[in-house]
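Peer 1: For chain A, the structure is supplied; the task is to place chain B with the ligands on it using the hints.
From first to last, the protein sequence lines stand for chains A and B.
Just so we're aligned: 429 in the working numbering is position 429 of the first sequence, and the numbers increase by one with no gaps anywhere.
Just so we're aligned: 3 in the working numbering is position 3 of the second sequence, and the numbers increase by one with no gaps anywhere.
Everything labelled a hint here was simulated from the structure, so no lab data went into it.
Predicted model, so just to flag it, every value in this text is computed and none were measured.
Don't take each hint at face value.
Straight-line C-alpha distance at most 30 angstroms; calculated DSSO-like pairs for lysine-lysine [claimed, not checked]:
| hint | chain 1 | residue 1 | chain 2 | residue 2 |
| --- | --- | --- | --- | --- |
| 1 | B | K92 | A | K186 |
| 2 | B | K55 | A | K317 |
| 3 | A | K186 | B | K157 |
| 4 | A | K305 | B | K55 |
| 5 | B | K157 | A | K193 |
| 6 | A | K138 | A | K193 |
| 7 | B | K55 | A | K193 |
| 8 | A | K357 | A | K341 |
| 9 | B | K157 | A | K317 |
| 10 | A | K257 | A | K393 |
For the chain A half of the interface with chain B, some residues (derived, Cβ under 10 angstroms), not all of them [claimed, not checked]:
| hint | residue |
| --- | --- |
| 11 | G125 |
| 12 | R128 |
| 13 | K132 |
| 14 | Y135 |
| 15 | L136 |
| 16 | G157 |
| 17 | R158 |
| 18 | K186 |
| 19 | Y188 |
| 20 | A254 |
| 21 | D311 |
Sample of chain A residues with no beta-carbon within 12 angstroms of chain B, all distances over it, derived [to be verified]:
| hint | residue |
| --- | --- |
| 22 | K47 |
| 23 | L52 |
| 24 | C130 |
| 25 | G226 |
| 26 | K257 |
| 27 | R304 |
| 28 | Q361 |
| 29 | L389 |
| 30 | G392 |
| 31 | Y517 |
Backbone N, C-alpha and C fix where the C-beta goes; we use that ideal spot for every residue, glycine too.
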Amino acid sequence: MAGRSDEQMTGAEIILKALADQGVEHIFGYPGGAVLPIYDEIFQQEKVKHILVRHEQGATHAAEGYARSTGKPGVVLVTSGPGATNAVTGLTDALMDSIPLVCITGQVPTHLIGNDAFQECDTVGITRPCTKHNYLVKNVNDLARILHEAFYVATTGRPGPVVVDVPKDVQFAKGTYIGPGNIQHKTYRPRIKPDQNVVRAAVDLIASAKRPIFYTGGGVINSGPGASKLLREFVKMTGFPLTSTLMGLGAFPAGDKHWLGMLGMHGTYEANMAMHGCDVMINIGARFDDRITGRVDAFSPHSRKIHVDIDPSSVNKNVPVDLPVIGDCAHVLEDMIRVWKARQHQVDKPALAQWWKQIDQWRSRDSLKYKPRKDVIMPQYAIERLYALTRGKDVYITTEVGQHQMWAAQFFKFEEPNRLMTSGGLGTMGYGLPATIGVQMAHPKSLVVDIAGDASVLMTMQEMSTAVQYRLPVKIFILNNQYMGMVRQWQQLLHGNRLSESYSEALPDFVKLAEAYGAVGMRAEKPAELDDAIKAMIEINRPVIFDCRVASLANCFPMIPSGKAHNEMLLGEDVPDAEIEKAIGAEGKVLV
Amino acid sequence: MVDNEPGVLARVIGLFSGRGYNIDSLTVSETEHEAHVSRITIVTSGTSNVIEQIKAQLERMVPVHSVADLTVQGNAIERELALIKVTGKGEKRMESLRLADAFRARVIDATTESFVFELTGKTSKVDQFISLMQPLGLVEVSRTGIAAISRGPEGMKI
Ligand SMILES: Cc1cc2nc3c(=O)[nH]c(=O)nc-3n(C[C@H](O)[C@H](O)[C@H](O)COP(=O)(O)OP(=O)(O)OC[C@H]3O[C@@H](n4cnc5c(N)ncnc54)[C@H](O)[C@@H]3O)c2cc1C
Ligand SMILES: Cc1ncc(C[n+]2csc(CCOP(=O)(O)OP(=O)(O)O)c2C)c(N)n1
Ligand SMILES: [Mg+2]
Chain A
1 MAGRSDEQMT GAEIILKALA DQGVEHIFGY PGGAVLPIYD EIFQQEKVKH
51 ILVRHEQGAT HAAEGYARST GKPGVVLVTS GPGATNAVTG LTDALMDSIP
101 LVCITGQVPT HLIGNDAFQE CDTVGITRPC TKHNYLVKNV NDLARILHEA
151 FYVATTGRPG PVVVDVPKDV QFAKGTYIGP GNIQHKTYRP RIKPDQNVVR
201 AAVDLIASAK RPIFYTGGGV INSGPGASKL LREFVKMTGF PLTSTLMGLG
251 AFPAGDKHWL GMLGMHGTYE ANMAMHGCDV MINIGARFDD RITGRVDAFS
301 PHSRKIHVDI DPSSVNKNVP VDLPVIGDCA HVLEDMIRVW KARQHQVDKP
351 ALAQWWKQID QWRSRDSLKY KPRKDVIMPQ YAIERLYALT RGKDVYITTE
401 VGQHQMWAAQ FFKFEEPNRL MTSGGLGTMG YGLPATIGVQ MAHPKSLVVD
451 IAGDASVLMT MQEMSTAVQY RLPVKIFILN NQYMGMVRQW QQLLHGNRLS
501 ESYSEALPDF VKLAEAYGAV GMRAEKPAEL DDAIKAMIEI NRPVIFDCRV
551 ASLANCFPMI PSGKAHNEML LGEDVPDAEI EKAIGAEGKV LV
Chain B
1 MVDNEPGVLA RVIGLFSGRG YNIDSLTVSE TEHEAHVSRI TIVTSGTSNV
51 IEQIKAQLER MVPVHSVADL TVQGNAIERE LALIKVTGKG EKRMESLRLA
101 DAFRARVIDA TTESFVFELT GKTSKVDQFI SLMQPLGLVE VSRTGIAAIS
151 RGPEGMKI
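In isolation and in its complexed conformation, chain A is listed as follows (with noise of 0.2 angstroms):
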C-alpha cells in the first residue's frame, strides 16, 4: 500500500481532485447539510471557484450558459432532497436542448438511505427520466471513476446532464484516487465517424437536388465550432439556401445571402414555405422537432431527407428519412465536403437559379414586418435597436420563454454559434437570467444580454443577487408588454380572447427591484429615447435591469398555428389591428 498511500484521500477531496483533474474552473451550487464535506474542501482550495447562487433552479441555468458558450460541461453541486429536487427542472431543461452538465449531489449516509432520514429523497430514482445517465455512489473507492465517466458521458455523443449522488459518508470515507487517464466505458460508446457508404450515396443525392435545402439544428453547435466552418464552406461550394431551428441560431451567419432565417412555428415565411416545396431536404444535427413540422403527414410531402445525427433515436421519430446518416455533424461535413470535391460534383445551375427565384419571391412577402409606432415601443423594434447598437460587439444573448425570445430570434441576427443560450426544448420560464451568470461568468469581458419577459424574469429574479455579489455586469433586458404575451397570444387566437390569468397584474418596479438588489435600474417608455437608453446600459459595467416598456398586445408572427401545415402560415397582415385592438377589453384599459 505504500506506494499508493499518497493517493489515498477522502471522498470530498477525491471530488475536488477529480474536478481539477477534468479542467473544471467553476461550479455553480448551493450548500447544505449533505454536501458539506465537499464545501469543506471548496474552502481549502484555489483551482475551483464556486458561484453561489440563490436557488438550484439558478445553478443548473447557470451552468448550462456556461456549457453553451463555452462548449465545455457546466459543472452543478447541490444538497440532497430540496437541492437535488430544485435542481431537476434545469437538469430536465438540459436533456432536451442536449448540453453538457455534470451535477454533484448530497445524499443521506448509505445506512439512511430508504429510512426517509432527513432531506433524503430518491435522487437517482428523480433523476433517471431527465438525465443522460446517472449514479449513486456506494463506495468511495469507485468515486473517482464514476465522475471521470460522468464528464465522459456528458460530453460525448449526444451531450447531456449526468448526476453523481454521494452519500454522506462516502465524501469523509477515505479511498483510492485514479486520474482521468483513459476512460474506456464497458458499453457507451457513440458513433462519431459516419459509414462511408452513406455519406457517399448522400453526396450523391445533393448532387442531384433541383429544389435543395440544409435544415440545420443544435447538433452543429453541439459538435463545436468546427462544424459550423464547414457547414458554410459546404453551403459556399453549392450555393443552397439554409435554415435553421432556433438551438441552431448563429451556426450559419443571418448575414449571408444564402440564409432564410429561422424556421418552424415563428420561422420566416420563405424558410417554411421552402421546406415545405422542396425536392431533397439535408439535416444536420436538427430532430425534426414539432415546432418545425407542424402537421407532420403535411410536412414537406415531397422531399427525400437526408439526416445527419449523432443519435440513432433521433432518426424516423417524428419524420421517415430516406438518408440516416449517424455521425458528428462536423465529421459528417468534413467527409461530405471530401466526397464532393474527389467526384467533382458540380449542382443544377439552373435549376437552382429557378428556385432561388422561386425563394426571393417568397422573401419578398417580407414575414416579419410589422407596424412601427410612434407612441409605443414595438417589441420588434426594441431587439433591432438592440441588436444595431451591439452590432460588432462581443455580445452573447440568453433569452426567457415566450414572445420576446421569438421576437430575439427574429430580429437579432446571429453570426457566430455558441452566442445564442435559449431554453427550446422545455421552454423553461427563468432560464434567461441565471443563464447569463454561467455566460458572464466564461466570458468576464463580453456583453451579455437576457432578452427577457416581464413574467418569466420573475421566476428566477433571486439571481440577480448572485450577479451582485461577483460584480458580473449581466444586462437583464425586459419586454415589459405586462402581460404573459405568449399565452395571451394563443388566447387570442385559440379562446375567443378571453384573457385567463394572462395578465401580469401587480409586477414589482424593475427599476426599484434593480436598485434593492444593487444592481442599476433602467427604463424606456418611448421609442425617441431607446437608442440612447440602450446606450447608456452598455456602458455601466455593472448589472442593470432595464425595463423597456413595449407595445403590450402586439402579436408574434409569422406563425404557423398548431397542428397547420407549413403552407398555412398566418402571417403579421392576416389578423387586423382591430382584432387585436379589441383585446384591451375596459378592464385592460384602466391597468395599461
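Peer 2: Here is chain B with the ligands on its own, set in the frame of chain A:
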C-alpha cells in the same frame, strides 16, 4: 443485454412507461455472473417505426450492451414456465392429472386435495392449460414471463 448494476431495470422499465410503450411480458436474470451481465427479455407490440424507436432508445442507454429484436430476426424460440395450483377431489382431481400428463406438466407438490403443476412451453400452451384447469379447481398461477433465444449457432453479442 445490460450491465447488472443497480437501477438498470428501473431505467429500462421507466423508458417504456415514460414513452408510452407497453410491456406484455418481462423477464430478467443475470446470465453471466463473472461479466456482470443480465438479460432482459421484453415482449412488446407496436408498428415497425415504434419498435425501431424502442430499440434506438434502449441502445443509447449507458448500461445497455446490446439490443436484439428476436421477432424481426425470425425463428426465435420462446418459452415460459408456469406453476399452477389446482384443488379438487374425485373425478375433477383425476381429470386435472390426466390433462397435466397430456400437456407434459409435472406434479411438483401434492396433498390429498391439491396439486402444483410445473409447465414449460409456449405462452399459448400455458394459456390453454390454465383455461382447462379453470373449471377443475384452479387456485393460483405463477408465470415467469417469456424467455427467448434465437435458433442456430449464432449467439447474441454482448
Ligand atoms: C415558445 C417556443 C417557441 C418555439 N418556436 C420555435 C420555432 O418557431 N422554430 C424553431 O426552430 N424552434 C422553436 N422552438 C424550439 C423548439 O421547441 C426546439 O427546441 C428546437 O426546434 C429544436 O432544435 P433542433 O432540432 O436543432 O434540436 P436540438 O434540441 O438542438 O437537438 C440537436 C439534435 O442534434 C443531434 N446532435 C447533438 N449533437 C450532435 C453532434 N455532435 N453531431 C450530430 N448530431 C448531434 C441530437 O441528437 C439532436 O437530434 C420554440 C421553443 C419555444 C419555447
Ligand atoms: C416554467 C414555465 N411555466 C409556464 C410556461 C408557459 N408559458 C410559456 S410562455 C409564457 C408567458 C411568458 O411571459 P413573459 O415572460 O412575459 O414573455 P412574453 O411572452 O410576454 O414575451 C408562459 C406562462 C413556461 N413556458 N414555463
Ligand atoms: Mg410579457
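Peer 1: With reference to the structure, classify each hint as holding or not holding.
Peer 2: Against the structure, the hints come out as follows:
1. K92(B) <-> K186(A): Not OK: K92(B) and K186(A) at ~56 angstroms, beyond 30 angstroms, violated.
2. K55(B) <-> K317(A): At roughly 11 angstroms apart (the allowed maximum being 30 angstroms), K317(A) and K55(B) satisfy the hint.
3. K186(A) <-> K157(B): This hinted pair holds, its Cα atoms lying about 13 angstroms apart.
4. K305(A) <-> K55(B): holds, 22 angstroms
5. K157(B) <-> K193(A): Given that 30 angstroms is the threshold and the Cα spacing comes to 22 angstroms, the pair holds.
6. K138(A) <-> K193(A): Not satisfied, since the Cα-Cα distance of roughly 36 angstroms exceeds 30 angstroms.
7. K55(B) <-> K193(A): holds, 21 angstroms
8. K357(A) <-> K341(A): holds, 27 angstroms
9. K157(B) <-> K317(A): Holds. K157(B) to K317(A) sits at ~25 angstroms (cutoff 30 angstroms).
10. K257(A) <-> K393(A): holds, 22 angstroms
11. G125: It holds, given that the least Cβ distance between G125(A) and chain B is near 7 angstroms, below 10 angstroms.
12. R128: Hint holds; R128(A) Cβ to chain B Cβ min 6 angstroms, cut 10 angstroms.
13. K132: holds, 7 angstroms
14. Y135: Where the cut-off is 10 angstroms and the nearest Cβ of chain B is about 9 angstroms from Y135(A), the hint holds.
15. L136: Holds. Min distance 7 angstroms.
16. G157: holds, 8 angstroms
17. R158: Cβ of R158(A) sits 8 angstroms from chain B, so the hint holds.
18. K186: holds, 6 angstroms
19. Y188: holds, 5 angstroms
20. A254: A254(A) check fails; min Cβ-Cβ to chain B is 33 angstroms, beyond 10 angstroms.
21. D311: Holds - the Cβ of D311(A) comes within 10 angstroms of chain B, reaching about 6 angstroms at its closest.
22. K47: holds, 28 angstroms
23. L52: holds, 31 angstroms
24. C130: C130(A) is in fact no farther than 12 angstroms from some Cβ atom of chain B, at 10 angstroms.
25. G226: holds, 24 angstroms
26. K257: For K257(A), whose nearest Cβ neighbour in chain B is about 37 angstroms away, the distance exceeds 12 angstroms, so it holds.
27. R304: holds, 18 angstroms
28. Q361: holds, 36 angstroms
29. L389: Holds, because the least Cβ-Cβ distance between L389(A) and chain B comes to about 44 angstroms, which exceeds 12 angstroms.
30. G392: holds, 42 angstroms
31. Y517: At about 39 angstroms from chain B, Y517(A) clears the 12 angstroms cut-off, so the statement holds.
Consistency with the previously given hints fails for numbers 1, 6, 20, 24, ordered from lowest to highest.
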